[in-house]
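Take the given structure of chain U and dock chain Z with the ligand to it, following the hints.
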Amino acid sequence: MTTSITLSDLYQRQITLIGEEAFEKIRTSRILVIGAGGLGCPALQYLASSGAGEIGILDFDIVSASNLQRQILFEINDVGRKKVEAAAEKLKRLAPFCEFRIYPVRLDEINANEVISQFDVILDCTDNFHTKFLIHDTCFKNAKVLIQASVYQFEGQLQLFDFRQRLGPCLRCLWPLEPLDGCTATCAEAGVMGPLLGVIGSMQAMEALKLIIGKEHINNGETLFVDLMSREFDVRRFQQLKDCVCCVKQEHRPKEILQVDLPLKLDEFVIVDVRSLEESDQCSFIKKLKEEYTVLQIPLEKIDDFELANNQKYLTVCARGLRSLKACHFLRSQGLEVYSLRGGTQHILNMENV
Amino acid sequence: MKIKVRYFASLREKAGISQEEMTIRSGMDLRDLYLDLSQKYAFPLAANEIKYSVNNEYVEPNIPINENDVVVFIPPVAGG
Ligand SMILES: [Zn+2]
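As given, the protein sequences belong to chains U and Z, one line each in that order.
Here my numbering runs 13 ahead of the position in the first sequence, where the first position is 1.
Here my numbering runs 47 ahead of the position in the second sequence, where the first position is 1.
Treat the hints as calculated values from the structure; they're not laboratory data.
One or more hints might be untrue.
[Unchecked claim] Here are the computed distance ranges between Cβ atoms for each label pair: (1) Lys262/U to Ala93/Z: 25 to 31 Å; (2) Asn232/U to Gln86/Z: 36 to 42 Å; (3) Ser130/U to Ser65/Z: 38 to 44 Å; (4) Lys87/Z to Gln131/U: 48 to 54 Å; (5) Gly63/Z to Thr19/U: 54 to 60 Å; (6) Asp83/Z to Glu292/U: 56 to 62 Å; (7) Gln131/U to Gln86/Z: 48 to 54 Å; (8) Lys315/U to Asp83/Z: 55 to 61 Å.
[To be verified] Pairs of lysine to any residue residues, derived as SDA-like cross-links and limited to a Cα-Cα distance of at most 20 Å, are as follows: (9) Lys98/Z to Val258/U; (10) Lys223/U to Glu33/U; (11) Lys61/Z to Leu241/U; (12) Lys255/U to Asn109/Z; (13) Lys61/Z to Phe167/U; (14) Lys61/Z to Met206/U; (15) Lys61/Z to Cys196/U; (16) Lys255/U to Pro108/Z; (17) Lys51/Z to Glu245/U; (18) Lys255/U to Lys98/Z; (19) Lys255/U to Glu104/Z; (20) Lys61/Z to Lys87/Z; (21) Lys98/Z to Thr199/U; (22) Lys255/U to Ile110/Z; (23) Lys98/Z to Asp256/U; (24) Lys61/Z to Met242/U; (25) Lys98/Z to Cys196/U; (26) Lys61/Z to Gly195/U; (27) Lys61/Z to Ala201/U; (28) Lys98/Z to Trp188/U.
Glycine is no exception: its CB is placed at the ideal position from the N, C-alpha and C atoms.
One chain only, chain U, in its complex shape (with noise of 0.2 Å):
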């Protein structure tokens, strides 16, 4: 029965207003969706239904059950499993035609260029400022449509940056220097209801959708803001900062992260395990990266001892994560470019096991 329906069957409603040539922008786009969180879900759902040819979900967490309130592509039984794995597999029965391509990861400064790279329209759906800002500098540099979006209690606010010509105004000019993560309470202290994230999330996908087929939308310098209590939305213009970073000046943003999620392509690396080398060998993590990669084994208290070559990127490995940053401190100061594995070999390990 179901191997009979066609994408005409699916899509009637959509190409009766659109037409096809537009249907097949949809078709043919490329969205990346980060975080499948309270917004990623609904707008997920909205683009994979409205037949979006290959979308990317990443996000690094997992299904826990005060997510279900709102993250509406869950069920009780997907608690405990990786989000983007429980979202791609109830998708992909929903929106037979389109691909997915899914990234159980945090978005850093190392794997930010390779991910959005591949990807024409990127929906911000996280929730804290240093990835927004991360994505959206991200953006401007590989030329992307960002639609970003944010939300407190009743109200949200979207922008939209189309960078494909890499003019502003962009985000920083309105906020040159990224608020502090804790200078405003998350979803978690104040508090969200759901539906005002089905209204927002299925607005970046709009915006999206319109933006591939050519129609009107948010532009560059506006902000939308959308009061769910008072029932008001409206938009509030912004100019472009003569000296901005991003968009005037196109300064790139100094590698300031030293903690990093398992990188996606671990073979551009030199694995350092700063363990002892009795600890290390009980590592089954580490002994499996040793058939494929290079992993050199210094523990932490010689780690002064060895000359490491400096045209060589490295990461840092322990069982916590703590003596690894430790260590990547130390090489930075020798002027190498070293990451540090977040939550080290068990924090992968227990990623595993979900």
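Then chain Z with the ligand, alone, in the frame of chain U:
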């Protein structure tokens, strides 16, 4: 002079209201007004941690307020 003030996100939560009309002395700029209201409502954010908008344009905090302006204080928001 009479103006309207609106509060967003964490400032609305702290003030306990979405908006209010008030009379202010002329010559006051946005930053002065925010500092006064911060005293009244114990806002958690400093004057340089928020954005200011008048009549649907983002503006710098040092611009003077005019009669009948709609002033909005906009804190950073990241929830998702
Ligand atoms: Zn800018």
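Open item on the list: For each hint given before, does the structure comply? Return the numbers of the non-compliant ones in rising order.
Closed with: none
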